[in-house]
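Undergrad: So the chains spell out like this:
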Amino acid sequence: MSNARSAILERLRKAPKKPIPELPAWQPYQSTTEPAFERFRRLITAVRGEVIETTRANLAATVRQVLADKQCQNLLYAPKTDIGKALDDAWDAEPGPQLVAYDRPIEEMKALMINNIDAGITGTMGAIADTGSLIVWPTVEEPRLMSLVPPLHIAVLEVSKMFDSFTEAVAKLGWNKNPPGNTLLISGPSKTADIEGILCFGVHGPKQLVILAVTD
Amino acid sequence: MPELSHDFEHAAVEALGNKQLRTNLRRVMTGLINKRAAQFPDFDELQALRTRGAAIKDRALAKLPDLLVQLEQNLIAKGFHVHWAQSVEEGNKIILDILKKANARSIIKGKSMVSEEMHFNHFLEENGVKALESDLGEYIIQLAGETPSHIVMPAIHKNKDQIGKLFQEKIDGQPYTEDPDELTAAARRVLRQLFASADCGFSGVNFAAADTGTLVLISNEGNGRMSTHLPSMHIALMGIEKCIERLEDVGPLISLACRSATGQPITTYVNMISGPRKSNEKDGPKEVHLVLLDNGRTKIYQDPELREGLRCIRCAACMNHCPVYTRIGGHAYQYTYPGPIGEVLNPQMQGIEKAGDVLHASSLCGRCSEVCPVKIPLADLIVRLRREAIRPAADAVKGGGSRKSNMEDVIWFGWKTMYASPLLYRWGTWWLRKIGNFMPAGIPLLKQWTSVRSKPQFASRSIYDLARERGIRDE
Amino acid sequence: MSKSPLPGRPETVYYFPTCLIDLFYPEAGMAGIELLQRAGTKVVMPTKQSCCGQPARNCGYYEEARAVARAQLAAFPNDWPIVVPSGSCAGMMKKHYPELFAGTPELPKIQAFCDRVFELTWFLVHKMDIKLVDKGEPIKVTWHGSCHSMREMGVIEEPKDLLRSLSNVTLLEAEHEKECCGFGGTFSVRLPEVSAAMVTDKVGSIVATGATEVVSGDMGCMMNISGAMKKAKAPVRGRHIAEFLLERIGKGDA
Numbered sequence: 001m002s003n004a005r006s007a008i009l010e011r012l013r014k015a016p017k018k019p020i021p022e023l024p025a026w027q028p029y030q031s032t033t034e035p036a037f038e039r040f041r042r043l044i045t046a047v048r049g050e051v052i053e054t055t056r057a058n059l060a061a062t063v064r065q066v067l068a069d070k071q072c073q074n075l076l077y078a079p080k081t082d083i084g085k086a087l088d089d090a091w092d093a094e095p096g097p098q099l100v101a102y103d104r105p106i107e108e109m110k111a112l113m114i115n116n117i118d119a120g121i122t123g124t125m126g127a128i129a130d131t132g133s134l135i136v137w138p139t140v141e142e143p144r145l146m147s148l149v150p151p152l153h154i155a156v157l158e159v160s161k162m163f164d165s166f167t168e169a170v171a172k173l174g175w176n177k178n179p180p181g182n183t184l185l186i187s188g189p190s191k192t193a194d195i196e197g198i199l200c201f202g203v204h205g206p207k208q209l210v211i212l213a214v215t216d
Numbered sequence: 001m002p003e004l005s006h007d008f009e010h011a012a013v014e015a016l017g018n019k020q021l022r023t024n025l026r027r028v029m030t031g032l033i034n035k036r037a038a039q040f041p042d043f044d045e046l047q048a049l050r051t052r053g054a055a056i057k058d059r060a061l062a063k064l065p066d067l068l069v070q071l072e073q074n075l076i077a078k079g080f081h082v083h084w085a086q087s088v089e090e091g092n093k094i095i096l097d098i099l100k101k102a103n104a105r106s107i108i109k110g111k112s113m114v115s116e117e118m119h120f121n122h123f124l125e126e127n128g129v130k131a132l133e134s135d136l137g138e139y140i141i142q143l144a145g146e147t148p149s150h151i152v153m154p155a156i157h158k159n160k161d162q163i164g165k166l167f168q169e170k171i172d173g174q175p176y177t178e179d180p181d182e183l184t185a186a187a188r189r190v191l192r193q194l195f196a197s198a199d200c201g202f203s204g205v206n207f208a209a210a211d212t213g214t215l216v217l218i219s220n221e222g223n224g225r226m227s228t229h230l231p232s233m234h235i236a237l238m239g240i241e242k243c244i245e246r247l248e249d250v251g252p253l254i255s256l257a258c259r260s261a262t263g264q265p266i267t268t269y270v271n272m273i274s275g276p277r278k279s280n281e282k283d284g285p286k287e288v289h290l291v292l293l294d295n296g297r298t299k300i301y302q303d304p305e306l307r308e309g310l311r312c313i314r315c316a317a318c319m320n321h322c323p324v325y326t327r328i329g330g331h332a333y334q335y336t337y338p339g340p341i342g343e344v345l346n347p348q349m350q351g352i353e354k355a356g357d358v359l360h361a362s363s364l365c366g367r368c369s370e371v372c373p374v375k376i377p378l379a380d381l382i383v384r385l386r387r388e389a390i391r392p393a394a395d396a397v398k399g400g401g402s403r404k405s406n407m408e409d410v411i412w413f414g415w416k417t418m419y420a421s422p423l424l425y426r427w428g429t430w431w432l433r434k435i436g437n438f439m440p441a442g443i444p445l446l447k448q449w450t451s452v453r454s455k456p457q458f459a460s461r462s463i464y465d466l467a468r469e470r471g472i473r474d475e
Numbered sequence: 001m002s003k004s005p006l007p008g009r010p011e012t013v014y015y016f017p018t019c020l021i022d023l024f025y026p027e028a029g030m031a032g033i034e035l036l037q038r039a040g041t042k043v044v045m046p047t048k049q050s051c052c053g054q055p056a057r058n059c060g061y062y063e064e065a066r067a068v069a070r071a072q073l074a075a076f077p078n079d080w081p082i083v084v085p086s087g088s089c090a091g092m093m094k095k096h097y098p099e100l101f102a103g104t105p106e107l108p109k110i111q112a113f114c115d116r117v118f119e120l121t122w123f124l125v126h127k128m129d130i131k132l133v134d135k136g137e138p139i140k141v142t143w144h145g146s147c148h149s150m151r152e153m154g155v156i157e158e159p160k161d162l163l164r165s166l167s168n169v170t171l172l173e174a175e176h177e178k179e180c181c182g183f184g185g186t187f188s189v190r191l192p193e194v195s196a197a198m199v200t201d202k203v204g205s206i207v208a209t210g211a212t213e214v215v216s217g218d219m220g221c222m223m224n225i226s227g228a229m230k231k232a233k234a235p236v237r238g239r240h241i242a243e244f245l246l247e248r249i250g251k252g253d254a
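Listed in order, the protein sequences are those of chains A, B and C. Take the first sequence: its position 96, counting from 1, is numbered 96 in my numbering, and each next residue is one higher. Take the second sequence: its position 283, counting from 1, is numbered 283 in my numbering, and each next residue is one higher. Take the third sequence: its position 61, counting from 1, is numbered 61 in my numbering, and each next residue is one higher.
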């Protein structure tokens with residue numbers, strides 16, 4: 001309705017002008033001298049995120065262990081990523097729970113994903129220490145719903161990719177230069193306190209979040 | 001739940017008598033107050049962050065028309081559709097047209113207070129589209145046929161046994177349980193299928209970054225992501241004041257909002273949407289629409305003082321800390337927004353003649369202004385609106401002057417005459433001391449006072465007489 | 001936090017007792033004067049003053065509030081600090097007078113007046129550096145933080161510091177001590193049921209501490225709380241903090 005558009009903009013433009021304030025000098029708050037990864041781990045485990053340290057070489061084995069511990073029958077994965085290739089190699093040597101590729105549009109995958117997938121694994125762009133948040137940028141290989149629909153999300157985090165704050169991450173990742181269609185901060189498994197203010201986990205997003213912290 | 005009367009005072013009194021409501025509110029609000037305090041142990045850091053948050057919002061408001069144009073350009077370049085609506089009616093029609101064109105019969109919603117302004121669900125139902133709430137609190141009140149009583153925790157007025165009974169009644173095959181985890185699991189089960197089958201997803205917008213063309217949505221449950229990425233179409237609705245300059249401004253604003261609202265460093269999900277599904281992508285909505293709503297905001301914008309209320313980031317810290325809200329809950333406020341921000345927005349959006357009685361719902365204790373993460377002087381804005389109610393400043397507010405009372409004008413004229421004159425003050429107070437204590441407790445004003453208090457006693461001597469006797473100089 | 005533009009301890013101060021104290025609690029007002037004298041300053045209380053004008057401003061009657069404000073200015077011609085035994089009235093003058101006269105040629109005069117306004121307990125602690133010696137028997141007291149004292153005049157720790165400095169006084173913290181008591185001036189009669197609920201809760205939290213006294217820096221709050229305690233026959237006495245402190249330090253040498 002260009003009528004509404006011009007009316008709204010006109011009313012805004014004819015209003016009394018107020019000065020445009022300068023943004024005051026500011027440092028994002030860092031409460032401790034705790035190393036970034038420790039801060040991140042402390043915050044995310046406080047809201048039931050699980051952090052498991054591992055190495056590149058041991059990644060597939062750690063995934064296998066997590067799937068066994070959580071009794072997962074299958075795992076949604078992206079075969080064309082490094083993570084996917086590592087899993088394919090490991091599963092070739094020794095089979096494990098079924099690896100399901102997210103290789104078709106969601107319309108064809110929906111019923112399967114909503115009802116029958118136990119876990120999904122994605123990479124991350126890094127993590128933010130001050131808020132305990134993973135940075136997840138869905139890609140063509142790792143689409144948006146991969147970290148959301150399966151009840152268990154396994155996220156691979158390279159410990160070297162820590163940022164203190166969102167502000168730092170935006171600057172260093174060039175986040176504000178043409179960002180992908182969906183970018184996310186994920187800070188734990190899904191939760192709510194809508195019933196009498198009592199905290200409950202696993203509402204609509206994943207019930208469990210396991211972070212594989214790759215230290216090398 | 002008894003039908004609340006339309007008069008604010010009656011509604012407040014009824015709510016006061018609801019023991020369960022008061023107990024729930026007191027417990028939860030006290031918890032939120034403590035959680036927020038625990039997030040801000042450093043007073044200087046808090047004040048610096050509030051100053052930054054207020055400056056970010058003030059910059060965005062000062063540049064709003066240009067930022068909205070920039071936002072629109074960037075969104076369109078990325079494949080969004082952008083619509084503008086001046087009124088609630090226009091907004092509802094635009095959305096209905098989008099849905100009809102896409103043959104959508106059902107829409108699944110993330111929480112959106114601005115959709116409450118539009119009475120959106122009701123409008124859609126009347127026009128043959130099912131609107132399903134997916135936020136747990138909103139889902140609960142939708143099942144109960146009610147409206148939200150708090151902007152962040154909509155079902156806070158309900159107990160778990162009530163919710164258990166509600167689920168048992170309304171969800172096929174659901175046995176009675178009071179266990180919150182089991183109730184949550186039941187909602188997850190039901191809504192999961194609805195996310196998958198809905199024709200369209202709907203959301204509000206917490207912040208829209210003009211520089212990158214990004215819609216930012218914060219949530220704990222994940223329903224925001226489900227409803228904006230599972231269905232093949234997403235419609236987002238936003239008040240025009242939610243537009244901010246830059247994506248990086250989101251950092252301090254989210255820090256303020258989450259720590260002030262629920263005492264968390266951040267919500268579980270920060271969902272940033274910068275485009276629909278690309279041709280080589282496998283998921284995400286193929287069509288994304290943003291509807292920009294005015295509904296009285298441009299009018300508020302005209303007044304430099306009242307414009308400060310448009311900084312609001314809908315965190316609810318003000319109502320969490322409000323001693324009046326804690327005792328009466330959100331429904332008593334009658335219109336979309338409860339608590340202090342409701343006292344500022346509702347009379348301006350609905351008109352003072354309709355929603356102005358809520359302006360006296362405040363003892364002006366100032367806690368709201370103290371905790372507002374973007375430094376809105378809420379208590380002062382309430383006083384300003386009280387003035388607009390009786391002595392409007394040239395069309396500043398809808399319904400200005402509609403609460404003018406000749407009797408009150410006379411009272412304050414008399415008060416001023418006595419108090420601005422030293423002689424009349426001495427004479428008037430001399431009489432009050434003589435006869436004041438004979439006033440019966442049942443007369444208007446004294447009657448309200450003495451319902452729970454003893455009558456105040458006028459002293460027999462003035463302090464000025466005592467002082468003279470004790471040798472205190474008067475100049 | 002109000003900042004004093006005056007260096008050192010003043011020789012003379014003005015006193016603004018407030019209309020509420022004049023009408024209902026003149027002895028509380030006199031106690032404030034005596035504390036200032038004992039702390040070592042001369043006190044002058046002009047008789048031409050009346051009221052800060054807050055009730056009119058809060059109801060939107062700005063013109064009437066301005067008329068009364070001008071009359072107060074006229075009563076305090078000298079450049080002495082103006083000490084007020086009420087955070088609420090002090091806040092009205094210090095914070096809201098400049099807003100009422102914003103954009104008018106009177107503003108500089110008004111601002112100069114407001115810069116001299118101080119709340120009593122803050123003034124005693126920061127400008128008079130008062131030292132109290134407790135001569136009373138052991139006693140348990142609790143404190144009500146009046147809203148405008150805390151939020152407009154920045155007075156939070158000063159009253160509690162004064163109480164804690166008394167050796168025989170045990171200061172007990174009431175739950176929700178910083179929550180509004182429900183007075184709010186006209187609020188108590190405009191939305192009386194909610195106000196009644198608030199004061200009832202406040203009395204409950206005071207009684208629950210086990211203290212026998214509650215003190216506050218604002219007689220508006222105290223009138224509300226004491227009135228409710230009296231009607232509920234609560235075993236607690238309510239007073240202005242000035243009266244309590246004066247009683248504790250006893251009859252002084254000149």
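These aren't lab readings, by the way, just hints derived from the structure by calculation. Treat the hints with care, as some may be off.
[As the list claims (entries may be wrong)] Distance condition first, Cα-Cα at most 25 Å in a straight line; then the derived DMTMM-like pairs of lysine to aspartate or glutamate: (1) A:K18 with C:E99; (2) A:K18 with B:E281; (3) B:K63 with A:E22; (4) A:K18 with B:D465; (5) A:K17 with C:E99; (6) A:K80 with B:D465; (7) C:K42 with B:D465.
Undergrad: Against each hint, give a clear statement of whether it holds in the structure.
TA: Here's how the hints hold up against the structure:
no., hint, result
1, A:K18 with C:E99, "18 Å, holds"
2, A:K18 with B:E281, "44 Å, violated"
3, B:K63 with A:E22, "13 Å, holds"
4, A:K18 with B:D465, "51 Å, violated"
5, A:K17 with C:E99, "20 Å, holds"
6, A:K80 with B:D465, "92 Å, violated"
7, C:K42 with B:D465, "18 Å, holds"
Violated hints, listed in ascending order, are 2, 4 and 6; each of the other numbered hints is respected by the structure.
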